[in-house]
Every structure is written in structure tokens, then in C-alpha cells.
Amino acid sequence: MSSGGGKRERDKDVPQPAVSVKDERKLKPIFDLVDEGNYKQAICQLDKFLKKNTNAKPTNAQQNNKGAGGNSGSCVAAAHQAKALKCLCLWRMPGRQQEATEYADALIKEGPEDDGSLSVFSLCLRDMHKYADIEDLYAKAVEKNPKNEDLLTCLVMAHVRTDNFKMQQLRALQLNKLSTASATYHLPITAKPFYFWAVMAVFQQGQKDKENGVKVQLPLARKMMEKSLSDSSKIGATKLEQVDLLLMILEELKDYASALNVFTTHVSVYDKELPVLRLRRQVEYMDELGSYDELIPICRDAISSMQSSADWIFFDKLMKAYVETKKQTKEEGSDPEEVELFHLGSLVEFLIAEREKNVKCIGHHFALLHLRKKMDEEELSYSGEPQLPSMSSLVVSFYQSFGHKSPFFNYVRQCLSADVCDCLVGEVASKMRELESGKGDEVPLSLGDMYSLMSVCEVERKLARERGSLTEEQCVSRSETLTKLYRKYLPLGQELQSTEPQYSSKFMILASHYLIDAYMLSESREQKYLWTAVDRLKEALLDSPVDSQLLMVMLRIYQQMGLMQVSAELMDRMQIKQFLLQTTCWVVSNRLAGCGAHEEARLMHPALIRYIQSSVRQVPEYLIQGYRNGVYRKVVDMLQWKQSLLKSFAFIKCIVEDMMLDIIEIDSAKTLESRREESSEFLGDYTQVLSEWDAWEDDRDFDLNYSWEPAEIDWASEQIKKLSYDLELAWLKVRYTLVSTISLLMCSYNNKQKSTPKCSSLSISKLTSDFKLAASDSIAIWGKLRDHEFYKKMQGHPFSPFTCPLHLFVKLDLKNFYGELLDSVDDINNTNMTNGDADSRSQTPKFAVISKSIISSVERMATDSFILANHQINVDNLMELKMVAEALAVFCLTISIQSEKQRRRAKDNGVDESISTSPKLLLEKIIICTEKVKNRINETEWPAEVDAELLKNNLNSSLSQINKLCTVKIEYLKKMNF
Amino acid sequence: MSSLRTFKCRDFLKMARINLDPLTETYALPFYLQYYVKWPEYFLMSETPSGEVQGYIMGKSETFRREGESSWHGHVTCLTVSPEHRRMGLANRLMHLLEQMSELKSCYFVDLFVRKSNEAAINMYSRLGYSVYREVIDYYSSGEPAPPTPPPPDAAKGGTGKTATGVVAIHAENENAYDMRKALSRDVDRKSVVPLKQPVYPEDVD
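Order-wise, the sequence lines are chains B and W. Here our numbering is used: the first residue of the first sequence is 3, the next is one more, and so on. Here our numbering is used: the first residue of the second sequence is 9, the next is one more, and so on.
Treat the hints as calculated values from the structure; they're not laboratory data. There's no promise every hint is true.
Unchecked claim - What follows is a list of derived Cβ distance ranges for each label pair:
{"hint": "1", "chain 1": "W", "residue 1": "214", "chain 2": "B", "residue 2": "779", "range": "28 to 34 Å"}
{"hint": "2", "chain 1": "W", "residue 1": "95", "chain 2": "B", "residue 2": "938", "range": "49 to 55 Å"}
{"hint": "3", "chain 1": "B", "residue 1": "360", "chain 2": "W", "residue 2": "209", "range": "26 to 32 Å"}
{"hint": "4", "chain 1": "W", "residue 1": "214", "chain 2": "B", "residue 2": "179", "range": "36 to 42 Å"}
{"hint": "5", "chain 1": "W", "residue 1": "209", "chain 2": "B", "residue 2": "182", "range": "47 to 53 Å"}
{"hint": "6", "chain 1": "W", "residue 1": "209", "chain 2": "B", "residue 2": "39", "range": "23 to 29 Å"}
{"hint": "7", "chain 1": "W", "residue 1": "182", "chain 2": "B", "residue 2": "933", "range": "33 to 39 Å"}
{"hint": "8", "chain 1": "W", "residue 1": "95", "chain 2": "B", "residue 2": "471", "range": "51 to 57 Å"}
{"hint": "9", "chain 1": "W", "residue 1": "182", "chain 2": "B", "residue 2": "274", "range": "36 to 42 Å"}
{"hint": "10", "chain 1": "B", "residue 1": "263", "chain 2": "W", "residue 2": "95", "range": "49 to 55 Å"}
{"hint": "11", "chain 1": "W", "residue 1": "97", "chain 2": "B", "residue 2": "358", "range": "16 to 22 Å"}
{"hint": "12", "chain 1": "B", "residue 1": "141", "chain 2": "W", "residue 2": "214", "range": "52 to 58 Å"}
{"hint": "13", "chain 1": "W", "residue 1": "97", "chain 2": "B", "residue 2": "141", "range": "52 to 58 Å"}
{"hint": "14", "chain 1": "B", "residue 1": "358", "chain 2": "W", "residue 2": "95", "range": "33 to 39 Å"}
What the hints assert, rightly or not - Calculated pairs, DSS-like style, for lysine-lysine (alpha carbon to alpha carbon, straight line, at most 25 Å):
{"hint": "15", "chain 1": "B", "residue 1": "649", "chain 2": "W", "residue 2": "22"}
{"hint": "16", "chain 1": "B", "residue 1": "723", "chain 2": "B", "residue 2": "768"}
{"hint": "17", "chain 1": "B", "residue 1": "723", "chain 2": "B", "residue 2": "794"}
{"hint": "18", "chain 1": "B", "residue 1": "212", "chain 2": "W", "residue 2": "68"}
{"hint": "19", "chain 1": "B", "residue 1": "375", "chain 2": "B", "residue 2": "329"}
{"hint": "20", "chain 1": "W", "residue 1": "68", "chain 2": "B", "residue 2": "274"}
{"hint": "21", "chain 1": "W", "residue 1": "113", "chain 2": "B", "residue 2": "241"}
{"hint": "22", "chain 1": "B", "residue 1": "934", "chain 2": "B", "residue 2": "966"}
{"hint": "23", "chain 1": "B", "residue 1": "644", "chain 2": "W", "residue 2": "16"}
{"hint": "24", "chain 1": "W", "residue 1": "16", "chain 2": "B", "residue 2": "723"}
{"hint": "25", "chain 1": "B", "residue 1": "256", "chain 2": "W", "residue 2": "16"}
{"hint": "26", "chain 1": "B", "residue 1": "256", "chain 2": "B", "residue 2": "329"}
{"hint": "27", "chain 1": "B", "residue 1": "217", "chain 2": "B", "residue 2": "236"}
{"hint": "28", "chain 1": "W", "residue 1": "22", "chain 2": "B", "residue 2": "723"}
{"hint": "29", "chain 1": "B", "residue 1": "936", "chain 2": "B", "residue 2": "977"}
{"hint": "30", "chain 1": "W", "residue 1": "113", "chain 2": "B", "residue 2": "194"}
{"hint": "31", "chain 1": "B", "residue 1": "274", "chain 2": "W", "residue 2": "16"}
{"hint": "32", "chain 1": "B", "residue 1": "794", "chain 2": "B", "residue 2": "817"}
{"hint": "33", "chain 1": "B", "residue 1": "274", "chain 2": "B", "residue 2": "329"}
{"hint": "34", "chain 1": "W", "residue 1": "68", "chain 2": "B", "residue 2": "724"}
{"hint": "35", "chain 1": "B", "residue 1": "210", "chain 2": "W", "residue 2": "16"}
{"hint": "36", "chain 1": "B", "residue 1": "111", "chain 2": "B", "residue 2": "146"}
{"hint": "37", "chain 1": "W", "residue 1": "16", "chain 2": "B", "residue 2": "649"}
{"hint": "38", "chain 1": "W", "residue 1": "113", "chain 2": "B", "residue 2": "274"}
{"hint": "39", "chain 1": "B", "residue 1": "724", "chain 2": "W", "residue 2": "16"}
{"hint": "40", "chain 1": "B", "residue 1": "768", "chain 2": "B", "residue 2": "724"}
Idealized CB from N, CA, C, for every residue including glycine.
Using the sequences plus the hints, can you model the full thing?
Here it is in C-alpha cells:
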């Protein structure tokens with residue numbers, strides 16, 4: 003960090019306060035202390051400095067300064083800089099943030115206006131997230147020093163931070179005008195970076211308001227950039243950033259003809275861009291325009307010249323050009339054969355000829371496969387030669403050329419119907435048998451042979467899933483064969499380092515998938531198969547200890563059995579952090595807290611929340627850099643990314659679940675209130691969140707594991723992801739409204755006790771009604787989904803994307819339980835508020851009772867088969883236990899806010915006293931139940947395939963945490979005199 | 009079969025499978041954004057026709073402060089290919105593109121750092137024409153992230169004291185690195201790749 007206050011002294015035309023050289027020398031060591039993190043010492047030095055600086059008093063300073071340079075001005079500047087620095091130190095010191103905030107507010111009032119102070123102070127205000135204050139400070143400084151370019155630049159960037167596009171536009175234009183007036187070299191006014199900043203601001207206004215954008219802002223931005231380009235072309239000073247900005251605008255306006263024209267006219271400015279990317283852009287414009295007659299020769303040339311390095315985009319666009327033209331001519335009824343260029347036969351001829359020129363070039367093979375698929379789907383055909391071979395024949399040919407490559411299956415899976423799979427397996431059956439059991443028993447074969455075999459095993463797996471033809475026994479047998487293959491081919495990877503996955507790992511992953519099939523097929527969902535799968539995976543992990551695919555399958559299996567501590571450990575082992583956490587935490591997010599692993603959830607939730615919050619705060623600094631570097635496309639992309647982070651589903655999910663943990667573990671309403679404020683800074687207030695509920699972005703990555711499922715039942719497919727998201731979102735809304743209602747209730751009660759105004763204008767009854775609505779909606783969505791064939795099939799599957807416990811919410815009738823509970827508290831609340839009213843005193847407030855479904859659930863917990871029966875873990879039971887404990891915890895909390903007087907009056911009015919004793923009794927019963935289950939777990943003689951130690955540790959830990967929750971609530975009831 | 013394009017922020021949502029690979033470090037957002045805004049042309053993604061990320065390369069071009077203009081070079085910061093798409097020539101293609109980019113920018117050479125123990129990577133780079141220019145002692149420190157780690161923009165101005173990476177992989181022991189180089193066409197006499205006889209320390213590396 004540097005003081006930097008003196009650098010504006012060179013600008014003699016602009017009188018302004020600046021730190022004197024003498025003061026700068028005094029401040030320098032203090033800046034060094036701050037850099038070293040020695041804040042305590044820095045504050046001490048700063049206090050001394052400020053004490054000596056007699057002009058530090060703000061009022062005197064302001065009077066003497068009058069915005070000009072000179073001794074008094076420089077003293078004020080030095081004092082401001084010292085204060086800004088002190089503020090930064092206070093903010094960074096633990097426990098002094100409140101003091102820092104007050105200090106900052108005082109300094110804002112003083113209004114520092116010199117570069118150095120503002121620079122340090124804005125750094126501090128950024129840390130404090132007071133972005134609007136930075137805008138205000140610089141705006142005031144610019145008002146006093148309107149000719150200071152640096153201040154004006156900082157002001158534009160302050161607007162960038164807050165997405166204040168309108169002001170950004172005005173200030174950038176002001177800056178451009180100023181810089182043009184002071185420029186020593188000649189460049190058109192429309193060809194300077196500040197001018198582009200203004201255009202960017204207009205462009206972003208247009209993007210924000212789509213409707214008006216197309217009519218007003220985007221045409222204006224276009225006009226501005228066209229003028230800019232024309233002006234600079236005259237003097238041969240066209241820049242890449244200039245052309246690219248115009249192209250961005252034209253793309254947004256979907257004027258691809260103009261975009262193509264601009265691009266080709268000014269292509270020379272792209273001489274530092276990779277040729278392949280330059281060509282790609284041209285081809286994309288042509289494709290958007292439908293200029294297929296121009297596009298076809300370009301793609302053909304690219305494919306012929308690039309050969310094996312030819313980018314897929316050229317194949318893709320080439321095929322699209324032919325197929326679209328064919329479709330158009332078909333619709334118009336004209337004879338497509340008349341247009342030789344668009345004759346599909348010529349495309350096939352071209353691809354086959356190119357394939358023969360270079361048989362190792364995967365693109366041509368793959369293009370033929372895709373063309374076949376496209377033609378079959380669109381029911382297109384053509385007469386003449388050469389005819390495109392059948393899909394089966396193309397797949398077999400592709401296998402012969404590339405079956406020995408590891409991604410073979412991945413490439414062809416979209417083309418593999420059951421018939422095609424059959425054909426391929428039939429064609430290579432004899433070779434497979436040889437590879438499976440023949441001569442390679444002792445001496446491992448080549449890597450190519452292994453992958454050839456693996457490719458067919460993958461095809462077979464898809465076929466088996468598609469037909470659903472295998473029995474439980476056949477699945478087990480298949481998994482054994484695959485395990486043998488894993489072991490047989492393992493020596494091929496003996497040279498690999500421990501950080502690399504073994505070549506044959508996929509055999510073991512396939513083996514574990516067949517065991518999962520056997521588990522799903524078995525009548526009573528025999529978990530022994532899951533344990534065997536875990537065993538297999540453990541074996542493979544000895545050879546590749548950090549193979550994420552092995553670990554990920556294991557994680558899925560463990561979380562399905564409710565073993566959440568080991569699941570969290572596996573996440574750690576895979577180093578899931580930063581954006582990986584955002585996209586993968588969904589795998590465990592429903593079950594961590596849902597199965598009682600509160601401690602583990604308490605680690606994961608804040609990690610993700612912190613990642614998102616810090617990312618959102620950091621992006622603006624890179625937006626500024628992007629502006630300075632002229633990479634406007636990246637600026638727009640980063641801005642959109644920032645918005646999507648704020649709408650991250652994973653983020654709100656973690657916030658809501660963490661707040662629910664706050665609620666059930668609560669010992670202070672103050673904690674809840676601060677959490678509410680913290681989350682609303684990012685989420686917005688309750689009404690806003692609810693009104694924009696559908697804008698949450700599904701950021702779950704479903705492509706984490708290898709999948710061999712056919713499209714219609716593929717748990718990783720977009721279609722299934724959508725179904726799963728609808729359910730998850732509905733469930734989250736239930737949780738959000740519930741959590742919001744309870745926390746508002748607690749906060750307003752807390753405020754009432756303190757005789758301070760209510761913390762929110764929202765009413766409990768409004769929130770309760772939102773909760774009921776959300777619950778009804780989610781139950782309706784679940785009702786529809788449970789008839790879905792896929793949903794039924796995936797129940798209990800380790801890879802199921804439907805992990806939210808909505809079915810238990812319905813089973814326990816929690817909609818009515820919570821609804822009535824909240825109604826009753828709202829009623830009590832209202833009665834309390836109108837305490838002096840004689841009429842209201844005569845009314846008996848409604849009191850919530852614990853519903854029968856909860857009571858009977860607690861009764862069921864006492865049975866000997868609860869959670870554990872026949873060596874099987876019932877994860878639904880475990881989640882039910884947690885849900886009931888959570889419901890009772892909320893019950894205790896809400897009834898505890900009744901005043902003693904109210905309770906007495908209710909009793910006088912004959913309200914059943916059991917309302918005050920039931921939760922305690924039920925909580926005690928749950929504790930007894932968890933202890934019983936723990937005893938059964940410890941006393942059970944587990945079969946050999948079960949990792950008994952791991953199972954005991956995990957279940958005992960979850961049960962203990964639920965147990966602890968119940969114990970704390972009993973203590974809480976005692977403390978509240980229940 | 010691959011398709012090449014420059015990186016977009018939304019790619020973060022699709023990078024889990026590739027970044028779960030233990031040799032692919034996952035950094036905090038600023039690390040990536042720094043490269044994204046400074047050297048976007050060096051941040052390239054390769055994806056399958058269905059949009060699955062196969063691999064990516066992230067690099068930059070810069071000059072060593074102490075060595076002057078003739079040290080203007082391209083640098084490979086991160087190269088990764090998902091295990092499933094290895095041995096398909098993808099790494100070669102990505103490296104070739106980075107070299108092509110460096111040629112366009114008139115660099116003298118391209119360099120990279122690799123763990124001395126990572127024989128597979130060293131062999132691959134050797135096949136691509138890279139040779140060991142120097143050995144850097146304890147370049148990879150125990151208990152510390154693997155450098156280089158560009159600072160966030162604040163730190164560049166001096167003084168936030170924050171690191172760019174946040175939580176990173178902890179290595180059990182210090183390890184030497186090879187600084188490998190390949191001369192580009194501008195370095196006609198291939199001066200940039202003449203190996204140093206003595207190992208150097210991290211502080212000698214810019």
C-alpha cells in the first residue's frame with residue numbers, strides 16, 4: 003500500500019489538497035505497518051500523528067481548506083489520509099468493526115476529497131461493503147475538482163461497482179470530454195477508452211431492460227460505436243476493443259448481417275487472435291444468418307486443411323447447413339437434387355473421402371454418425387450415391403477405428419439404440435470372449451485391447467439398462483466378471499503414480515453399478531450389495547487412492563445409507579471447495595442436516611456461503627480491471643456471472659438450512675436477527691425473494707459421475723434434472739417460508755421484550771399464509787411426480803436426484819402441524835399486543851397442540867425395527883426421526899414466547915395443560931429411542947461385508963446429535979418454566 | 009473430437025468432473041478472474057460435441073523484470089485434461105494453441121514449471137519439444153500452495169495482504185521444480201533454452 007497523495011501535484015492546473023512531502027514521509031512507515039498486518043502498532047502511530055496534526059479537527063479543517071491546495075489544505079489531506087488508514091486498521095482488527103463503522107461514518111461526514119485519502123478510504127469502504135458511500139464521496143470530490151481526471155475515473159469505477167449504468171454513462175462521457183481537452187496527442191473523441199466505457203454503460207442499460215433496450219439503448223450504443231469506428235478508420239487507428247464492442251452490440255440486436263460485415267471489414271484487427279477462433283466466429287455469424295452457400299465452402303476448406311485438428315464446430319455447422327437446406331427445399335416442394343451444392347450425397351461423399359484420407363481423424367467418423375442420427379430423426383433421405391451407411395454399420399466401423407480409445411462410449415452414446423448395441427456386441431462377441439477370459443489370463447494385454455473391451459462392456463451396460471433384462475443374480479455375476487477384469491488389467495498401470503487413476507478403474511466402477519442394480523432388484527433392497535460395492539471400490543482405491551470417480555460412487559452409496567460423517571469426509575478427501583462446492587454440494591445437502599449430521603452441515607454451509615459472498619464482492623474489482631484492459635466481452639460475462647452467483651440455488655439452500663439449524667439450536671434471538679440481516683444483504687428482503695423465487699439458478703452439476711443409462715432414464719439428463727429441480731425448489735420454498743416465519747416471530751418477540759419497535763413490517767399471519775401456500779404447492783408437485791415412472795424407479799437408488807424429504811413432510815402431516823402452530827402463535831401475539839383491550843381479554847387464544855401424526859411417529863420409534871432391521875439401515879426412518887425432533891424443537895421455541903400470564907389465563911380457560919408437557923415427554927421418548935437404536939447397532943452381529951465400525955461410528959454420531967438437540971430443548975423448556 | 013473456445017464464467021458450473029482430478033488444483037475465483045481479464049486469449053476450453061469439458065489451458069505472456077525485453081515469453085499456468093479424455097492428443101493440441109498464441113504475440117519462448125517427480129508430465133512436455141532450462145530448489149513448498157499465484161487486483165496495488173487462492177492443497181514435503189522451455193521462432197539462436205548449469209532458488213525466479 004502506498005500513500006500516493008503526492009502524485010497529483012504534477013497537475014498544476016488543478017489546485018487541490020495533497021499530502022505534503024513531510025507528512026508523506028511520516029505516513030510511509032505507518033503504511034508499511036498496515037501492509038505487514040501490524041494494525042495495533044499502526045493505530046498507535048496514527049493516533050500520535052493525528053494528535054500532532056493540529057488542523058485535524060474536521061470543522062476547522064473544512065473552513066480553512068476550501069478545496070484548494072496550500073498548507074492548511076495539505077494538513078487536512080494528511081489528517082484525512084491518516085483517519086482513513088486508521089479506519090482500515092480498525093476494520094481489520096478482530097472485535098473492532100463496530101468502532102470502525104462509527105469512525106467511517108464520521109469520516110464520510112468530513113468528506114475527504116484528495117486522491118490519497120479517497121484511495122485509502124475507498125479500500126476500507128470496499129472491505130465494509132459500503133459501495134454507495136464510495137460513489138457519494140467521489141461525486142462530492144469531483145464536484146469540487148471537476149477537472150481532476152483521476153477522481154473522475156474513480157467515480158466511474160465506483161458506479162461500475164454498484165451497477166449504476168446510467169451514472170456510469172454520464173461520468174464516462176464527462177471524463178472523455180475532459181481527457182480530450184487535456185490530450186497532448188490527437189485521437190478522435192469517439193475513439194478513446196472513456197468513450198467506450200460510456201458505450202458499455204449504454205449497452206448494459208439495454209441488456210438490463212430488454213424491452214426498451216432493443217428500441218432505445220442498443221440502437222444508441224450502436225450509433226455511438228459506428229461513429230467511433232468511422233472516425234478512427236479515417237486515421238487508421240481502429241482498435242480490436244472498438245470493433246469487438248460494436249460486434250457485441252450487433253449480436254445483442256441480432257443483426258448478424260451487419261456483424262459479419264463489420265467483422266470481415268475489420269478482420270485485420272483480429273490478427274492477434276487464434277486463426278481457429280477467428281474462423282469460428284465468422285462461421286457462427288454465417289450460421290445465424292442462414293448464409294449456408296457461403297458457409298459450406300468455408301467449413302469444407304477448414305476440415306480439409308486442418309485434418310485431425312479440425313474443430314468439431316466446422317463439422318457441426320457444415321452438417322447443419324446441408325440438413326437445413328434440405329429441409330427447406332423439402333418444405334417448399336422443390337427438387338433438392340437440382341441444387342448440387344446442397345445435395346446430402348455430396349456431403350456424405352466429402353466426409354467419406356476425407357475419412358479415407360486420414361483414418362485416424364476421429365471427426366469424419368463422428369460426423370457421419372451424427373449425420374445419420376440427424377437424418378433418422380428428421381426423416382430425411384436422398385437419392386443417388388453414395389448412400390450413408392446404416393447406424394449399426396457406422397458404429398461398428400467407428401468402434402473398429404476408435405473402440406480402443408477411452409472416450410469411445412462417451413462419443414457414441416447418443417447414437418446407441420438397443421438394436422445398434424446388439425449389433426456391435428454381436429460383431430465383437432468373439433473378440434470380447436478372448437479378451438475376457440482367453441489368452442490374457444497370465445500376461446496382461448495391451449492398453450488398446452483393454453479399452454476395446456471396456457468400450458463393449460460400457461455398451462453392454464447401456465443395453466442391459468435399456469432392456470431391464472438382467473436378474474439380480476445376473477447383475478451380481480456381471481459385477482464379478484468386471485471385478486476380475488479390473489484385476490486382470492491392473493498391471494497395465496503399474497507405472498502410474500498414485501495421483502493418477504488406474505487405466506482399469508472403470509471396470510470396477512461398472513462392477514459397482516451392477517451391484518447397485520442388484521440392490522434395486524432385490525425384493526427387500528438388500529444393502530449387502532451396496533456394502534459389496536463399497537468393498538470393490540475400496541479395493542480399487544488402494545490402487546488409485548484419489549480417483550474421484552471411485553470416491554464419488556462411494557459417496558453416493560454412503561449418503562443413500564444415511565452415513566453422513568463418512569460422506570462429508572469423502573467430500574474433504576476430494577478437496578471439494580470453492581466453485582466445486584457450489585456445484586457438488588447438492589449430493590449431500592438434503593441429508594447432512596436431514597440425517598442429524600449437524601456438525602458436518604455446520605462446516606459445509608458456511609464454506610459455501612462464504613465462497614459465494616466473497617466471490618460476489620470480488621467480481622467488481624475484476625470488472626474494473628476488465629474496463630481498464632478493454633476486454634468488454636469479459637466484463638459483460640463477469641457481470642452476468644455475478645448476477646447468477648446471487649441467484650445460486652446452492653447458496654440459498656445452504657442459507658436456509660443453516661438458519662433452520664440456528665433456529666433449532668437457538669439460545670438467543672439476537673443470533674437469529676443478525677443472521678437474518680446478513681442473509682438479506684445478499685438475498686434481498688423476504689418479499690423480494692419470494693416475488694423472484696423462480697429466478698433461482700440451478701447450479702447443481704449432474705454430470706459428476708459416469709453414466710451408462712439410456713436417455714429416458716438417465717439420472718444425469720437435463721430432463722430429469724429439471725424434474726428434480728422443480729421438486730427441490732418447491733421444497734426449499736417450504737423451508738424458506740417456515741424459517742422466515744419462525745425467525746421473524748422470534749425477532750419481533752425479542753424486540754418487544756426490549757420495548758423496541760418491531761424488526762419488520764411483515765406480519766406473522768402473512769408469512770404463515772405463504773408457508774401454507776408453499777407447502778400446498780410442493781405437495782401438489784410431489785403428488786404429480788410420484789406417479790412418474792422414473793421417480794418410482796429411482797426411490798432408494800444411490801444416484802437418485804430426488805433426495806428431499808417431502809414424502810416424510812406429507813407423511814407426518816407437517817403442513818398442518820406447522821400451520822396450526824404458527825396460527826396459534828400469531829393469535830397469542832396479537833392478543834399480547836392488544837393487552838389492554840377488554841374484548842380481547844375475554845377471548846381465549848388458540849393454543850397449538852402436537853399433532854397425532856407426530857405423536858404416532860414417536861410411538862413408532864419405540865419399535866424394534868426402527869432405523870435398523872435385518873442388518874439394513876432405513877434412511878427414511880433416520881430422516882423421520884430428525885424431522886420430528888426438528889418439529890418439536892420449533893414447537894418448544896414458539897410456545898415459549900407466551901407470557902406466563904397468557905399461559906395462566908389459558909389454563910384458567912380450560913386449555914389442556916398437556917400442551918406444555920407433551921413436547922417434553924415426546925423429546926424424552928425420542929432420547930430413549932435413540933439410545934435403544936444405538937444399543938441395537940452396537941449389539942448387532944454384522945455380516946462380513948458390512949464395515950461395522952464405520953456404520954456404528956456414523957449412525958451413533960448422527961443419533962447422538964439428534965439426542966443432544968432433544969436434551970437441549972428439554973433444558974430450554976425447564977429454563978422457560980414449562 | 010473436440011471444440012475449442014475461450015473460457016466463459018459459466019464454465020465454472022461444468023468444471024467439477026475435471027477439477028475433481030487430484031492433480032488439478034481448484035483455486036478461489038480471483039485467481040481465474042485475474043487471468044480472464046488480463047490474458048483472456050490464453051484461457052482456452054476444449055469441450056465435446058455435447059458440451060462436456062474435456063480440458064483447459066490457462067496461461068499468460070509476460071517479461072521477466074530482471075531479464076528485459078528478450079525474456080518476453082508465453083507461460084503455461086495450468087493445463088488439464090479429464091482422465092477420460094487423456095491419450096487423445098488433447099494436451100498436445102492445447103499446448104500447440106498456446107504456443108501459436110505466443111508466436112502471434114512475438115514471444116521468444118514458452119515456459120512452464122513442473123514437479124520434478126511428475127515424470128509423466130515431463131515426458132509429455134519433452135515430446136512436445138520442451139527441455140529443462142533450470143531446476144528450481146524447493147519451488148513447491150510443503151504446507152503451501154503451488155506457485156505461481158497471481159495476487160488479486162488489490163494486492164497488485166499493494167497492501168491487502170490477502171492470498172489469491174484461499175484453501176489449497178497442502179503438500180507434505182518441499183519439492184524441486186523443473187522450469188522447462190521451448191524456443192519460438194523469434195528466438196532464432198535458441199538462446200532462451202540454453203540450460204543453466206546450477207539450480208536456482210524460487211527468489212531467483214520472477
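Each hint tested on the structure:
The hinted range of 28 to 34 Å is not satisfied by residue 214(W) and residue 779(B), whose Cβ atoms lie roughly 59 Å apart. Residue 95(W) and residue 938(B) have their C-beta atoms about 51 Å apart, which keeps the hinted 49 to 55 Å range intact. Evaluation of the 26 to 32 Å hint for residue 360(B) and residue 209(W) yields a failure: the beta carbon distance comes to about 48 Å. Separated by about 40 Å at the C-beta atoms, residue 214(W) and residue 179(B) satisfy the suggested range of 36 to 42 Å.
In this structure, residue 209(W) and residue 182(B) meet the distance hint of 47 to 53 Å, their C-beta atoms being roughly 50 Å apart. Hint check: residue 209(W) to residue 39(B), Cβ distance near 25 Å, so the stated range 23 to 29 Å holds. For residue 182(W) and residue 933(B), the hinted distance range of 33 to 39 Å is not satisfied, since their beta carbons lie about 50 Å from each other. A beta carbon spacing of about 33 Å between residue 95(W) and residue 471(B) contradicts the range 51 to 57 Å that was offered as a hint.
At roughly 39 Å, the beta-carbon separation of residue 182(W) and residue 274(B) lies within the given 36 to 42 Å, and the hint holds. At roughly 43 Å, the beta carbons of residue 263(B) and residue 95(W) sit outside the given window of 49 to 55 Å. For the pair residue 97(W) and residue 358(B), the supplied restraint of 16 to 22 Å holds, since their beta-carbon distance comes to about 20 Å. The hint said 52 to 58 Å for the Cβ distance between residue 141(B) and residue 214(W), and at roughly 40 Å that hint is violated.
Residue 97(W) and residue 141(B) have their C-beta atoms about 56 Å apart, which keeps the hinted 52 to 58 Å range intact. A hinted range of 33 to 39 Å for the beta carbons of residue 358(B) and residue 95(W) is inconsistent with their spacing of about 24 Å. For the suggested pair residue 649(B) and residue 22(W), the alpha carbons sit about 17 Å apart, so the restraint of at most 25 Å is met. Proximity of residue 723(B) to residue 768(B) is assessed by CA-CA distance (about 32 Å); at most 25 Å being required, the pair is judged violated.
As the CA atoms of residue 723(B) and residue 794(B) are separated by approximately 15 Å, the hinted pair is consistent with the 25 Å bound. Proposed proximity of residue 212(B) and residue 68(W) is contradicted: the alpha carbons are some 36 Å apart, above 25 Å. With a C-alpha separation of about 15 Å, the suggested pairing of residue 375(B) with residue 329(B) holds against the 25 Å cut-off. Under the criterion of a C-alpha separation no larger than 25 Å, the hint pairing residue 68(W) with residue 274(B) is consistent with the structure, at around 14 Å.
For the proposed pair residue 113(W) and residue 241(B), the alpha carbon gap of about 16 Å is at most 25 Å, so the pair holds. Distance restraint check for residue 934(B) and residue 966(B): the Cα-Cα separation of roughly 15 Å lies within the 25 Å cut-off, and the hinted pair is therefore satisfied. At roughly 12 Å between alpha-carbon atoms, residue 644(B) and residue 16(W) fall within 25 Å of each other, so this suggested pair holds. The hinted pair formed by residue 16(W) and residue 723(B) meets the criterion: a straight-line CA distance of about 22 Å does not exceed 25 Å.
Taking the CA atoms of residue 256(B) and residue 16(W), the gap is near 20 Å; set against the 25 Å cutoff, the hint holds. Annotation: proposed proximity of residue 256(B) to residue 329(B) holds, straight-line Cα distance about 23 Å (limit 25 Å). Between residue 217(B) and residue 236(B) the CA atoms are separated by roughly 29 Å; this puts the pair beyond 25 Å, and the hint is violated. Among the hinted pairs, residue 22(W) with residue 723(B) is consistent with the structure: their alpha-carbon atoms are about 14 Å apart, no more than 25 Å.
For the given pair, residue 936(B) sits about 28 Å from residue 977(B) by alpha-carbon distance, which is inconsistent with the 25 Å threshold. Taken as a hint, the residue 113(W) and residue 194(B) pair is honoured in the structure, with Cα atoms around 23 Å apart against an allowance of 25 Å. Pair hint residue 274(B) plus residue 16(W) holds up; C-alpha atoms about 19 Å apart against a cutoff of 25 Å. A threshold of 25 Å between alpha carbons decides the hint, and for residue 794(B) with residue 817(B) the separation of about 23 Å falls inside it, so the pair holds.
Using a Cα cut-off of 25 Å, the hinted pair residue 274(B) and residue 329(B) is violated, with the two alpha carbons roughly 39 Å apart. Between residue 68(W) and residue 724(B), the direct Cα distance comes to roughly 39 Å. Violation of the 25 Å bound is thereby established for this hinted pair. A hinted pair counts as satisfied when its Cα atoms are at most 25 Å apart, and residue 210(B) with residue 16(W) qualifies at roughly 20 Å. Between residue 111(B) and residue 146(B) the CA atoms are separated by roughly 15 Å; this keeps the pair inside 25 Å, and the hint holds.
For the suggested pair residue 16(W) and residue 649(B), the alpha carbons sit about 18 Å apart, so the restraint of at most 25 Å is met. Between residue 113(W) and residue 274(B), the direct Cα distance comes to roughly 7 Å. Compliance with the 25 Å bound is thereby established for this hinted pair. Under the criterion of a C-alpha separation no larger than 25 Å, the hint pairing residue 724(B) with residue 16(W) is consistent with the structure, at around 23 Å. This hinted pair does not check out: residue 768(B) and residue 724(B) have alpha carbons roughly 30 Å apart, beyond 25 Å.
Checked against the numbered hints above, the structure violates hints 1, 3, 7, 8, 10, 12, 14, 16, 18, 27, 29, 33, 34 and 40; every other hint is satisfied.
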